[in-house]
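Use the sequences and the hints to build the structure in full.
Number of protein chains: 2
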Amino acid sequence: MKLGAIEAGGTKFLCAVGSDPASPGEIRRFDTSHNPLETMAEVLAYFEQHGPVSAVGLASFGPIDYASGCITSTPKIPWQNFPIRAALERGLHVPIAFETDVAAAAYGEHVAGAAQGCQDFIYVTVGTGIGGGVMSGGRLVRGKMHPEMGHLLVRRHPQEPPSFKGVCPFHGDCLEGMASGPAMRERWSLPAESLPEDHLAWTLEAYYLAQACVDLAVVTSPKLILLGGGVCCQAHLLDKIRAEAARLVAGYLSLPEIASPALAYPGLAGALALAGEAAPR
Amino acid sequence: MKLGAIEAGGTKFLCAVGSDPASPGEIRRFDTSHNPLETMAEVLAYFEQHGPVSAVGLASFGPIDYASGCITSTPKIPWQNFPIRAALERGLHVPIAFETDVAAAAYGEHVAGAAQGCQDFIYVTVGTGIGGGVMSGGRLVRGKMHPEMGHLLVRRHPQEPPSFKGVCPFHGDCLEGMASGPAMRERWSLPAESLPEDHLAWTLEAYYLAQACVDLAVVTSPKLILLGGGVCCQAHLLDKIRAEAARLVAGYLSLPEIASPALAYPGLAGALALAGEAAPR
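Just so you know, the sequences run in chain order A and B. In terms of the working numbering, the first sequence is residues 1 to 281. In terms of the working numbering, the second sequence is residues 1 to 281.
It should be emphasised that the hints constitute simulated quantities derived from the structure, not laboratory data. Values in this document were obtained by computation on a predicted structure and should not be read as measured data. There could be a bad hint or two in this list.
Repeated chains share a single entry, so a pair holds when one copy, or any two copies, can fit it.
Cross-link-like lysine-lysine pairs, in silico, DSS-like; alpha carbons within 30 angstroms at most [said to hold, decoys possible]:
hint: 1; residue 1: Lys144; residue 2: Lys223
hint: 2; residue 1: Lys240; residue 2: Lys223
hint: 3; residue 1: Lys165; residue 2: Lys240
hint: 4; residue 1: Lys76; residue 2: Lys223
hint: 5; residue 1: Lys144; residue 2: Lys240
hint: 6; residue 1: Lys2; residue 2: Lys12
hint: 7; residue 1: Lys76; residue 2: Lys2
Printed below as a string of structure tokens:
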């Protein structure tokens with residue numbers, strides 16, 4: 001059975017066709033147009049060329065609204081409340097499984113990556129923004145909307161430059177405001193990957209992400225936290241986060257394992273798996 | 001069908017027999033003995049007198065271990081790792097549903113209280129300690145252990161007396177360390193209920209509990225947060241928390257409803273409901 005997968009991002013779209021989430025096959029990428037209709041035309045042309053598919057998994061940047069199938073608030077105004085799921089349904093005439101990019105990525109790691117066999121874990125990605133997907137008892141957590149853990153409230157590190165207010169346009173110094181890639185770049189005037197391992201930047205980064213790990217642990221009691229994304233691909237950072245989280249939790253409870261995701265494209269893998277579940281039997 | 005319910009607390013035990021979680025009937029209470037065998041003897045005598053019951057729901061102070069049926073770490077040393085579930089099974093020869101007191105309370109509010117019909121909500125109790133139960137997609141969240149949200153890391157309020165370090169023996173100024181009943185008493189040398197509505201104490205209390213509401217909202221996206229317990233029964237506090245949470249979240253997302261629980265004994269109600277599910281058909 002041939003299935004489709006889309007990872008819809010604010011700057012680029014990824015499309016793939018396959019049947020095994022562990023190997024999504026060749027990936028087509030194109031820039032996200034300012035005009036959603038242009039991007040949809042590219043997506044539909046891709047599946048016309050590589051299809052037919054039985055179902056499509058759509059892993060979208062958020063926030064999204066499951067009920068209406070829209071991306072809700074985004075700085076890209078023409079995409080606000082654009083009915084992306086309906087546009088795909090009308091063009092492809094197959095079931096569309098609609099998820100956030102990060103929940104789909106969590107699901108991808110669950111079916112084919114570092115969280116296989118784990119029913120209670122959290123996938124966090126730290127890059128341009130910070131977001132995550134939560135699996136509890138083998139199911140993705142949705143609730144009122146979906147998790148938005150990038151906006152956890154964190155304590156400022158005592159050595160934080162007081163002039164740095166954080167980059168979140170809503171909260172300033174929430175988790176994303178203090179620990180995202182743009183936060184590092186604005187604070188140190190250098191991208192994260194160019195900062196040496198012993199730079200204060202990593203002490204602060206570990207402090208913020210460790211707070212997130214502790215807060216996630218005490219709210220949903222996961223067995224595993226996967227930390228991915230551009231900032232977290234620094235191997236030394238994971239050790240610093242583990243040490244800092246252990247210091248913060250102070251022996252009160254046994255922390256979840258903190259590890260790296262396994263997949264290069266967890267969002268696409270998750271989208272393929274979700275497509276498989278949505279496809280007619 | 002007659003069912004049993006036990007709410008096992010560190011200072012007192014409550015027992016009831018009934019069939020409807022909405023009305024647990026007459027409640028027997030006795031002090032928690034230093035010796036668990038003494039307390040178990042009282043519990044068994046109660047059910048001998050009021051039984052037979054088809055199953056018992058046991059809502060216990062925690063942390064608990066579901067696998068072994070024990071309370072794990074508690075300052076009451078003889079209760080540490082006491083196999084409370086097995087002791088009841090051996091004495092009563094009926095199925096025992098074992099939950100934390102706060103998860104059972106959440107379940108009680110779900111079946112018979114303020115969270116009826118709501119599949120995604122969080123019950124928090126603020127008293128001697130702070131704890132809570134999480135329901136996601138209609139199921140109680142367990143995971144590696146169970147939620148321990150009393151230990152969320154919070155920011156100190158700018159007007160917090162710097163000499164006050166918080167009362168949590170593990171973390172000092174975590175949520176429980178700053179916002180539990182003992183934290184209020186230690187900071188102001190008065191119990192919470194005797195502090196006037198316009199006292200700074202309530203500004204700080206609302207600040208900490210509002211942070212908890214925002215953190216809970218961004219991690220599990222509940223539709224409803226119920227705030228119960230001795231400290232939160234001050235009606236004016238709920239309004240202060242709602243206003244402070246709205247200020248903190250700054251319009252980024254639509255906050256869950258923040259409300260009071262409806263039941264006088266949500267833990268017993270939940271224990272009865274869980275007993276009903278554990279009883280043989």
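For this structure, which hints from the list above don't hold up? Violated: hint 7 alone.
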